[in-house]
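K.L.:
Take a look at the letters that make up each chain.
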Amino acid sequence: MRRILLGSLSLLLMLVLSTYSSAIAQEGGEGFPTDNDVNAIAKQLYCPVCPNTPLDVCETKACQDWRAQIRDQLEEGWTEDEIIDYFVVEYGERVLAEPRRAGFTSLVWILPLIAAAVGAGAAWQVLRLWRRRNDREGASPPDQIPVDAKALERIERELDEIR
Amino acid sequence: MDLGAVLVGLAMLVVTVVVLADPFVKSSDGGQRAYQSKRGLSARMKKRTGLWALRDLDFDHELGKVSEQDYKVTRAQILQETAAALEEIEKDEAAVEANIEEEVRNLRRTARESGRYCHQCGQAREQDDRFCTACGVEFKMAETLSE
Amino acid sequence: MLAEIGWIALVLAFIVSAYSTIAAFRGGDEGRHQLVVSGRNGALLTFALLTVSVLTLTYSLVKMDFSLAYVADVTSRSMSPFLRLTALWGGQAGSILFWGWLMSGFVAALVIRKWEQNRELMPYVLAVALGTTVFFIGLSLFISNPFDRLWHVPGAEELTRAFFRSTGAMPYIPKDGQGLNPLLRHFGMIGHPPTTYIGFTGFVIPYAFAMAALITGKSNEDAWIRATRRWTIVAWSFLSIGLVLGGRWAYDVLGWGGFWGWDPVENAMLMPWLTGTAFLHSVMIQEKRGMLKIWNMILIILTYALILFGTFITRTGVISSVHSFAKSALGPVFFAFIGLTFIWSLSLLFRRMGTLRAEHEVESLLSRESIFLLQNVLFLSITFAVFWGTVFPMISELITGTRITVGPPFYTRVTGPLFAALVILMAIAPFIAWRKQPLRALDSKLLFPALGSITVASAWWISHRQHPDSFFALWVVSFVVVSILYEIGRGVRARVKSRGEGVFTAIGRLVGRDRRRYGGYLIHLAVIMIGMGFIGDAFFKVETQGTVSVGEQIQIEGYKLRYDGLSQYMGEDGREVLEASVSLFNGDEFVKVLSPRRDYFVVQRQPVTIPGVYSSFKEDVYVLLVGWEEIGMDSSTFKVYINPLINWTWIGGLLLAVGAIIAAWPGGCIALQRSYAIRPRSVESRAAAGD
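Residue numbers (this note's numbering), protein chains in the order written: chain A, 1182 to 1344; chain B, 5 to 151; chain C, 34 to 724.
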């Protein structure tokens, strides 16, 4: 039984891994900087002025201008990274939707991982503690606790009624 | 602030004070029962929870959610508790029976002992009363004369 | 005059609730029954008085009494009576009053329902719950008073808000009000805010019971958990439904094609939900096994603190957010209150730590207990990640001076795997036995769900190869669904076999006899459905943007959208509506005319983008009108999203409500039902000797 289960799980894993590698491609097409190309980049940026709004959905005039700017930059042949870097230099790190993984900002990524690891470790410790206590108590199960036969019969009868 | 609002406000204040003060005004001797009352569940409740617990346990066991050993131990334990509750209930019932008998006997005795109480409502009466002061029933001559 | 009555009622409510807090506490402490009863009457009075307050304010809102500053802020002549009614919670002052009122309602309900049952805890429960209510009434009265009027003080440039007239001030009554924030002028206003508030305030009950248990030193007994079980389920369900409704609302009005944006306000609401969910599960261990007692205390304290924190964030706007409609001087007071509550609760817990020893042990590393423990760790890890992501911009700004953004990619990347792990636990937990689960016996039970789900996921995947990670997501989801159905099936089969019932009778009895468990499974299924929406959003969402002239088409997936023209008109409520007409074709077959709109609120100078949506079980076609001006009236820019599976999120919300009703419905015996507890042997012998 267990072997079948393990087998099917590993099969699953292989399927996932094999498709991972094959699924990266595409791009190109007519009229190069389409709205979609612009949005793809704008999505990774946050509006520098509005609170917590991604640039691709922001509707203010300023944001429309920024999107137009991205389009111009794409036309001039800038790469995605260059455009994003430009925005970071110009407006600061707050335009990045995904915080950087360097410097002080990396803490935002690291701490949750540490927390999860510490949590898992603590849970493990607790489990072991529970087990150890159990080992110490040991002992065999106690003998049947005596119950009056008449009462027992009545309980079983009433139990049957509510099942 | 206009008069209407002040008046409504005063009314609310009065109601508030009355409701808050109410428990203190009410006869304090009756209310002085110890705050810590009824501990735990009554026997009947215990029996019922016990039965429910047994049913759950049996079903969990059937589905393999409780190990064999746990099942035995836990079941025995709940059975014991439930049996204890049953016993308590039976005792209680017996006590109630006895009580009823006792009460009836008492009542009979009081009624026989004297005509000092109204035969209809139980209000105390004077020997020479012709009517009950509480319910107004007329006492018969025999009763008025008494033994 | 009405406003004055409302104000007087508020003042009285403040005094009464403050008095009752003290009376209940002292009464409990000194064993003075009369004092406690007086406190109880005070709790009921507080609710009555606040009701007067709320009613007068509501009346003023509906009647548009612009002499009140709050009314002038949130209503306007153009708003419908329905919206004016909802304006009660549309702004800060009103929503705080509403909060206090709901909370006092919970306290009153508690007093009425539970007074006789938990006599020892009750005085303290009352004191703790009312204490919080006092704080909110105080906020209403002293900091953000909904009954304030506008005054014009000679010489001052701005109008002053105050309840009483200061010397020389002239009353100022505007001709029309500002009106609600345009984003709030939506039918959803009746759903999301009240449900969320009910969910939030409802958690005061388990919290107050927990604190009372700590104060009385009865924390070792599980009375507080048993007494609050249903209240917790109710509060939790309202919170969950509030979350779903909030998502739906955002989807309908925010115009960005999604329903969850990991915005600080959304996070603030999600965090107490996460810890609350952990709490809801982990109390089961305490009930059955007498373990994790300290942990449960910590969880409820944390949940409650996070609820206050969530209210704090939404009501003070400390963290800038698209939802921060309210900004004020409320911050410091609120922050101090949260801090005090948290520290007080923890110190109380610390003092009673000794009484909370686990009565218990496990026999193997794999057991129901360990699964629950792991689940708790996962929930807490997610909560921490969300919390950290939410506050990090502030921390970063404080320490390094650079403001950064923590956007959705962070959250999905960090919490995604953790959520996936949780879902897997959801699938296997029902099959794991308490105390000890031999691996050998587990295989046979898990085999069917595992194989079943792999088959389902693979079959699906063969037709959708382009998203490899989705395979895993779908497998996980179908694993849960299959295993829950299998688990229910096993229960039914057992009944049919051992009691000879018909299948339908068996299903009915199975669920009826253990509503909490099967209501719970239903909620699990509902959560999975909601999760489907997230999976669709994460893996299969497609979007495109294009500018088309009348008669031209935009193609996306198998759909074609033909632009038929634009019309402009004055809508109700003071908005200029620009409405496009778009015919949707599936292949060549006509489906529906969609009307994406851009409403421009003239007074507020705020545009609101309303999507045109075609919904089916499979997916939504969501069209936004995003541009037209530069191009002229005959061509427009549209953004089109295909949002697969999104409807399952809303259906899941409904199912969740059904599950919650089943699990929490008060029913004679069910109310008394206490599941059996597997006690440790050490306790058994003691119990046997003692009784």
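One thing to keep in mind: the hints can contain errors.
Stated by the list, open to error - Here are the simulated lysine to aspartate or glutamate pairs, EDC-like style, with alpha carbons at most 20 Å apart:
1) A/K1331 with B/E91
2) C/K530 with A/E1342
3) C/K530 with A/D1341
4) B/K50 with C/D621
5) B/K50 with A/E1334
6) B/K95 with A/E1339
7) C/K530 with B/E91
Hint data in this document are derived by calculation from the structure and do not stem from the laboratory.
K.L.:
Can you confirm whether the C-alpha distance between C/K530 and A/E1342 stays at or below 20 Å?
P.N.:
OK: C/K530 and A/E1342 at ~17 Å, within 20 Å.
K.L.:
If you draw a straight line from the CA of B/K50 to the CA of A/E1334, is it 20 Å or shorter?
P.N.:
18 Å, holds
K.L.:
Decide if the proposed pair is consistent with the structure: C/K530 and A/D1341, CA atoms, cutoff 20 Å inclusive.
P.N.:
The given pair, whose Cα atoms are some 15 Å apart, holds under the 20 Å limit.
K.L.:
For the pair supplied as a hint, A/K1331 and B/E91, confirm whether the alpha-carbon distance does not exceed 20 Å.
P.N.:
OK: A/K1331 and B/E91 at ~10 Å, within 20 Å.
K.L.:
Next pair to validate is B/K95 with A/E1339; report whether the Cα-Cα distance is within 20 Å.
P.N.:
Answer holds: B/K95 to A/E1339 is near 19 Å, not above 20 Å.
K.L.:
B/K50 and C/D621: Cα distance at most 20 Å?
P.N.:
69 Å, violated
K.L.:
With a cut-off of 20 Å on the C-alpha distance, tell me whether C/K530 and B/E91 pass.
P.N.:
34 Å, violated
Hints 4 and 7, counting from the list given before, are not met by this structure.
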